[in-house]
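> Here's the letter readout for the chains.
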Amino acid sequence: MDRRTIFRGWLLPVILVLPQLAVTLVFFWWPAGQAIWSSAIRADPFGINTEFVGLENFRDLFADPLYMDSIVRTVFFCTAVAALSIGVAMLLAVAADREIRFRSAYRVLLIWPYAIAPTVAAVLWILLLHPQIGVVGRWFNRIGFNWDYKLNGYQAMTVIVLASAWNQISYNFIFLLAGLQSISRSVVEAARMDGAKGFFRFRTVTLPLLMPTVFFLLVANLTYAAFDTFATIWALTGGGPGKATEIMVIKVYRDGIMNQDIGSSSAQSVVLMAGVIFLTALQFRFLGRKSGAT
Amino acid sequence: MKRRTMLAGAAALAVSPVIAPGARAQAGKTKLVLWHAMTGVNNDEMERIARDFNAAQSAAELQVIYKGTYPDTLTAAIAAWRAGQAPHLVQVFEVGTGTMLGAGRAVKQVWELVKETGAKIDPAAYLPAVRGYYSLTDGRMASMPLNSSTPVMWYNLDAFETAGLDPTKPPQTWQEFVVDVRALKEKWASKSQDLMASTSSWITWAQLECYGAIHNVPYATKADGFGGLDTELKINAPAFVKQAQRLLDMAKEGTFKYTGRDNAPDPIFRAGNAAIGFGSSADRGNIARDAKFRWAAAVLPYDPELIKTPNNTIIGGASLWTMTTPTRTPAEYKAVASLLEFIGQPAQDAMYHQHTGYVPVTLAGYELSKQQGYYEKNPGADIAIKSLTRGTVTENSKGLRLGRLPEIRNIIYEEFEKALQGQQNAKQCMDTCVARGNVVLRAFEKATKA
Numbered sequence: 001m002d003r004r005t006i007f008r009g010w011l012l013p014v015i016l017v018l019p020q021l022a023v024t025l026v027f028f029w030w031p032a033g034q035a036i037w038s039s040a041i042r043a044d045p046f047g048i049n050t051e052f053v054g055l056e057n058f059r060d061l062f063a064d065p066l067y068m069d070s071i072v073r074t075v076f077f078c079t080a081v082a083a084l085s086i087g088v089a090m091l092l093a094v095a096a097d098r099e100i101r102f103r104s105a106y107r108v109l110l111i112w113p114y115a116i117a118p119t120v121a122a123v124l125w126i127l128l129l130h131p132q133i134g135v136v137g138r139w140f141n142r143i144g145f146n147w148d149y150k151l152n153g154y155q156a157m158t159v160i161v162l163a164s165a166w167n168q169i170s171y172n173f174i175f176l177l178a179g180l181q182s183i184s185r186s187v188v189e190a191a192r193m194d195g196a197k198g199f200f201r202f203r204t205v206t207l208p209l210l211m212p213t214v215f216f217l218l219v220a221n222l223t224y225a226a227f228d229t230f231a232t233i234w235a236l237t238g239g240g241p242g243k244a245t246e247i248m249v250i251k252v253y254r255d256g257i258m259n260q261d262i263g264s265s266s267a268q269s270v271v272l273m274a275g276v277i278f279l280t281a282l283q284f285r286f287l288g289r290k291s292g293a294t
Numbered sequence: 001m002k003r004r005t006m007l008a009g010a011a012a013l014a015v016s017p018v019i020a021p022g023a024r025a026q027a028g029k030t031k032l033v034l035w036h037a038m039t040g041v042n043n044d045e046m047e048r049i050a051r052d053f054n055a056a057q058s059a060a061e062l063q064v065i066y067k068g069t070y071p072d073t074l075t076a077a078i079a080a081w082r083a084g085q086a087p088h089l090v091q092v093f094e095v096g097t098g099t100m101l102g103a104g105r106a107v108k109q110v111w112e113l114v115k116e117t118g119a120k121i122d123p124a125a126y127l128p129a130v131r132g133y134y135s136l137t138d139g140r141m142a143s144m145p146l147n148s149s150t151p152v153m154w155y156n157l158d159a160f161e162t163a164g165l166d167p168t169k170p171p172q173t174w175q176e177f178v179v180d181v182r183a184l185k186e187k188w189a190s191k192s193q194d195l196m197a198s199t200s201s202w203i204t205w206a207q208l209e210c211y212g213a214i215h216n217v218p219y220a221t222k223a224d225g226f227g228g229l230d231t232e233l234k235i236n237a238p239a240f241v242k243q244a245q246r247l248l249d250m251a252k253e254g255t256f257k258y259t260g261r262d263n264a265p266d267p268i269f270r271a272g273n274a275a276i277g278f279g280s281s282a283d284r285g286n287i288a289r290d291a292k293f294r295w296a297a298a299v300l301p302y303d304p305e306l307i308k309t310p311n312n313t314i315i316g317g318a319s320l321w322t323m324t325t326p327t328r329t330p331a332e333y334k335a336v337a338s339l340l341e342f343i344g345q346p347a348q349d350a351m352y353h354q355h356t357g358y359v360p361v362t363l364a365g366y367e368l369s370k371q372q373g374y375y376e377k378n379p380g381a382d383i384a385i386k387s388l389t390r391g392t393v394t395e396n397s398k399g400l401r402l403g404r405l406p407e408i409r410n411i412i413y414e415e416f417e418k419a420l421q422g423q424q425n426a427k428q429c430m431d432t433c434v435a436r437g438n439v440v441l442r443a444f445e446k447a448t449k450a
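Sequence order for the protein chains is D and G. Everything in the first sequence is counted per this note's numbering, starting at 1 for the first residue and increasing by one. Everything in the second sequence is counted per this note's numbering, starting at 1 for the first residue and increasing by one.
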């Protein structure tokens, strides 16, 4: 059964693989190695005086209650963003999956936000929600709702969750719509003939069949929320007020770039890297098994 | 195919030097590169300096390159130095001074440059409050002052009139201030939800750092950090707690509104939404452009219960640092020195001052602007200089020499925001600032001494 073609020679395969390896090496292994190395060092910003301190940077980090707060805040933020953006995208996708008029125009409009740069999106949200200049923000204050996300940490968190989730909805929408369309009509029609209606049919038939897509999106959204939201948050709140919106990437940037504390910043990057490796492993394990079974 | 293009691009990036090809000088000229963080009008002014310098002499060719925000520029310069590609000069914001002084052989301080090249740069020509910030304790200059400003109190003359206050008599003391903002709130700000009696940009710089200087109260031990790395914050002293309490009380009363960190509140005064807005004197150009009301500036208020004769305020802005590379030649340093001499000329300094809104950094530049009648045509443009030259410069008003000062400022913002939300009182707020700030100072001390 096993019919493999074995090519002779090793030069061609090596040449063919080399670019890929080089890219991985230059853009992944090298910087990652640098980060791990810097995390074990204490140095002045210029690197003139360096001292190997082993795990001291990590010890300092985990002894710092502010860092633990930051981890908890990040987990909450990522969960909220993923839940909100997948939830809303699901509603939109289910609605768009039906036969409706102007369906394609509707879909294109839904995909638009994905093309907006995070910083621009942040500015749009500021123009909406800013307590002094934002349309909605000013309205909140006029009707007597005390809205000031520059001072109220909970409101600030709400703002960054909204802005980050909104930016990701289009992406989720595309995948969910594709997932919905790949579900065989006959299965859905069979369920319908058996009398399964509306939400019940969605929960018992559509959703289980959509699960691989949802799971993939969950991991993608968590990673997105943990990393790619930086520009949005930085422009909206800069991590404030207090530390109310300082999630882990913001802290990495603040400590490394603003405060020039390369050691601690690198240690934090390594912690984040561990998080991503964990998420990716999870994804490979579950999705890998699913596709392996069929 | 895409991947190969990317690789080729990466290779090209790696090979090409950091300095842009545009910097290629004409034969025989020494090429000088300066990295800066100036935008808008101030960026045009950097280009103007390069044009004038290149026209004024033939030995060197200066190119100025915008590198992003102040922190971005500093980070880029540090990375470039590590790669042996540092620019000749880099503009570093005042709070980065501590970091740059710890940079050892990465920089060549002005006094070293003068010694090596025989350049004529006289520290005494510079305003004491400016010079002090960028000098060592013994008076030797470390970096070259470029753009300096100081916090002032911008106020809306129309609002003052509406509130029945005399527009020619802005509050001089904090006691008067507290009373005046009440009138402003009742008779002016109450007209619309958008209006507020007062707000402040740069809470850290304007309301605490300068507050210490004005009242001759130490901000940190060891002469505000000038005396050694083992300095500790003193901002939980009664004078600072009193000031924090005053701001918190006014916020509660609705006569002061916190509207963000650093210069984020600037647009609020410009839009006419605040009767009084503390901010940098360098915002003058923007206010002149945007304001649709009559405005003026005044020096920061003081508290007569703490001091009878208030002192100068502290500068902000940035200075130029000379950087080294392993291959830099004496001719290049000579060219750097000639550029520093050039921008210190009274005519250049006065021009820079009048074009940008920053203060003249030399006494001669100030005199020249006076002679040219600049302050008659632009009343109030000299408030910043008056503020900087008020009283005598003491060790508490020279400036701050604290490592990682941006981080400490950030801590203060965070804690003050918590206090404004009612999570802690003024004393607790300042105590926490000191405790958290000292951790940062110790980390800086360890890293620099290591």
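These aren't lab readings, by the way, just hints derived from the structure by calculation. Small disclaimer: the values here were computed from a predicted structure and weren't measured. Hints are supplied without guarantee of correctness; some may be wrong.
[Unchecked claim] Once the Cα atoms are required to be at most 20 Å apart in a straight line, the calculated SDA-like pairs of lysine to any residue come out as:
#	chain 1	residue 1	chain 2	residue 2
1	G	Lys449	D	Ile41
2	G	Lys418	D	Tyr67
3	G	Lys418	D	Asn146
4	G	Lys446	D	Leu279
5	G	Lys449	D	Asp148
6	G	Lys449	D	Glu56
7	D	Lys197	D	Leu91
8	G	Lys334	G	Lys191
9	G	Lys418	D	Asn49
10	G	Lys191	D	Phe58
11	G	Lys446	D	Leu91
12	G	Lys191	D	Val219
13	G	Lys418	G	Ala251
14	G	Lys222	G	Pro238
15	G	Lys418	D	Lys197
16	G	Lys446	D	Trp37
17	G	Lys418	D	Arg73
18	G	Lys418	D	Asp148
19	G	Lys418	D	Phe227
[As the list claims (entries may be wrong)] Here are a few chain D residues that face chain G, going by a calculated C-beta distance under 7 Å:
#	residue
20	Lys243
21	Met258
22	Asn259
[As the list claims (entries may be wrong)] Derived DEER-like restraints, expressed as beta-carbon distance ranges:
#	chain 1	residue 1	chain 2	residue 2	range
23	G	Ala288	D	Tyr114	40 to 46 Å
24	G	Tyr66	D	Gln181	46 to 52 Å
25	G	Pro326	D	Gln20	32 to 38 Å
26	G	Tyr66	D	Phe286	46 to 52 Å
27	G	Glu47	D	Ala63	48 to 54 Å
28	D	Gln34	G	Glu186	57 to 63 Å
29	D	Val135	G	Pro123	38 to 44 Å
30	D	Met68	G	Gln423	49 to 55 Å
31	D	Ala63	G	Tyr375	54 to 60 Å
Backbone N, C-alpha and C define an ideal beta-carbon position, used for all residues, glycine too.
> It remains to establish, for every hint, whether it holds in the given structure.
Status of the hints after comparison with the structure:
The suggested pairing of Lys449 of chain G with Ile41 of chain D holds, with an alpha-carbon distance near 14 Å, which does not exceed 20 Å. Between Lys418 of chain G and Tyr67 of chain D the alpha-carbon distance is near 18 Å, which keeps this suggested pair within the 20 Å criterion. Pair hint Lys418 of chain G plus Asn146 of chain D holds up; C-alpha atoms about 17 Å apart against a cutoff of 20 Å. With a C-alpha separation of about 36 Å, the suggested pair Lys446 of chain G and Leu279 of chain D falls outside the 20 Å cut-off, and the hint is violated.
Restraint check for Lys449 of chain G and Asp148 of chain D: not satisfied, since their Cα atoms lie roughly 43 Å apart, outside the 20 Å limit. Proximity of Lys449 of chain G to Glu56 of chain D is assessed by CA-CA distance (about 17 Å); at most 20 Å being required, the pair is judged to hold. Among the hinted pairs, Lys197 of chain D with Leu91 of chain D is consistent with the structure: their alpha-carbon atoms are about 17 Å apart, no more than 20 Å. Restraint check for Lys334 of chain G and Lys191 of chain G: not satisfied, since their Cα atoms lie roughly 61 Å apart, outside the 20 Å limit.
The hinted pair formed by Lys418 of chain G and Asn49 of chain D fails the criterion: a straight-line CA distance of about 37 Å is larger than 20 Å. Restraint check for Lys191 of chain G and Phe58 of chain D: not satisfied, since their Cα atoms lie roughly 54 Å apart, outside the 20 Å limit. Between Lys446 of chain G and Leu91 of chain D, the direct Cα distance comes to roughly 55 Å. Violation of the 20 Å bound is thereby established for this hinted pair. Our distance criterion of 20 Å between C-alpha atoms is broken by Lys191 of chain G and Val219 of chain D, whose separation comes to about 51 Å.
Note on Lys418 of chain G and Ala251 of chain G: the hinted pairing holds, with a Cα-Cα distance of about 13 Å set against a maximum of 20 Å. Taking the CA atoms of Lys222 of chain G and Pro238 of chain G, the gap is near 19 Å; set against the 20 Å cutoff, the hint holds. Taking the CA atoms of Lys418 of chain G and Lys197 of chain D, the gap is near 51 Å; set against the 20 Å cutoff, the hint is violated. Restraint check for Lys446 of chain G and Trp37 of chain D: the C-alpha separation of about 19 Å stays at or below 20 Å, so the hint holds.
Annotation: proposed proximity of Lys418 of chain G to Arg73 of chain D holds, straight-line Cα distance about 17 Å (limit 20 Å). With a CA separation close to 14 Å, the supplied pair Lys418 of chain G and Asp148 of chain D stays within the 20 Å bound. Under the criterion of a C-alpha separation no larger than 20 Å, the hint pairing Lys418 of chain G with Phe227 of chain D is inconsistent with the structure, at around 26 Å. Annotation: Lys243 of chain D was flagged as interfacial toward chain G, and the flag holds, the nearest CB pair being 6 Å apart, inside 7 Å.
For the restraint placing Met258 of chain D at the interface with chain G, the shortest Cβ-Cβ distance is roughly 5 Å, inside the 7 Å limit, so the hint holds. About 4 Å separates the beta-carbon of Asn259 of chain D from the nearest beta-carbon of chain G, less than 7 Å, and the hint is met. Distance hint check: the CB atoms of Ala288 of chain G and Tyr114 of chain D are about 41 Å apart, consistent with the given range 40 to 46 Å. Roughly 49 Å separates the CB atoms of Tyr66 of chain G and Gln181 of chain D, a value that falls within the hinted 46 to 52 Å.
Against the hinted window of 32 to 38 Å, the Cβ-Cβ separation of Pro326 of chain G and Gln20 of chain D comes to about 36 Å, which satisfies the hint. Restraint check, Tyr66 of chain G to Phe286 of chain D: a C-beta distance of roughly 48 Å satisfies the suggested window 46 to 52 Å. Under the hint 48 to 54 Å, the C-beta atoms of Glu47 of chain G and Ala63 of chain D, about 49 Å apart, fit the expected range. Taking 57 to 63 Å as the suggested C-beta distance range, the pair Gln34 of chain D and Glu186 of chain G conforms, at roughly 60 Å.
For the hinted restraint 38 to 44 Å between Val135 of chain D and Pro123 of chain G, the CB-CB distance of approximately 53 Å leaves it violated. At about 18 Å, the beta-carbon gap between Met68 of chain D and Gln423 of chain G misses the expected band of 49 to 55 Å. Range check, Ala63 of chain D to Tyr375 of chain G: Cβ separation about 56 Å, and the 54 to 60 Å hint holds.
In this structure, the hints that do not hold are numbers 4, 5, 8, 9, 10, 11, 12, 15, 19, 29 and 30, in rising order.
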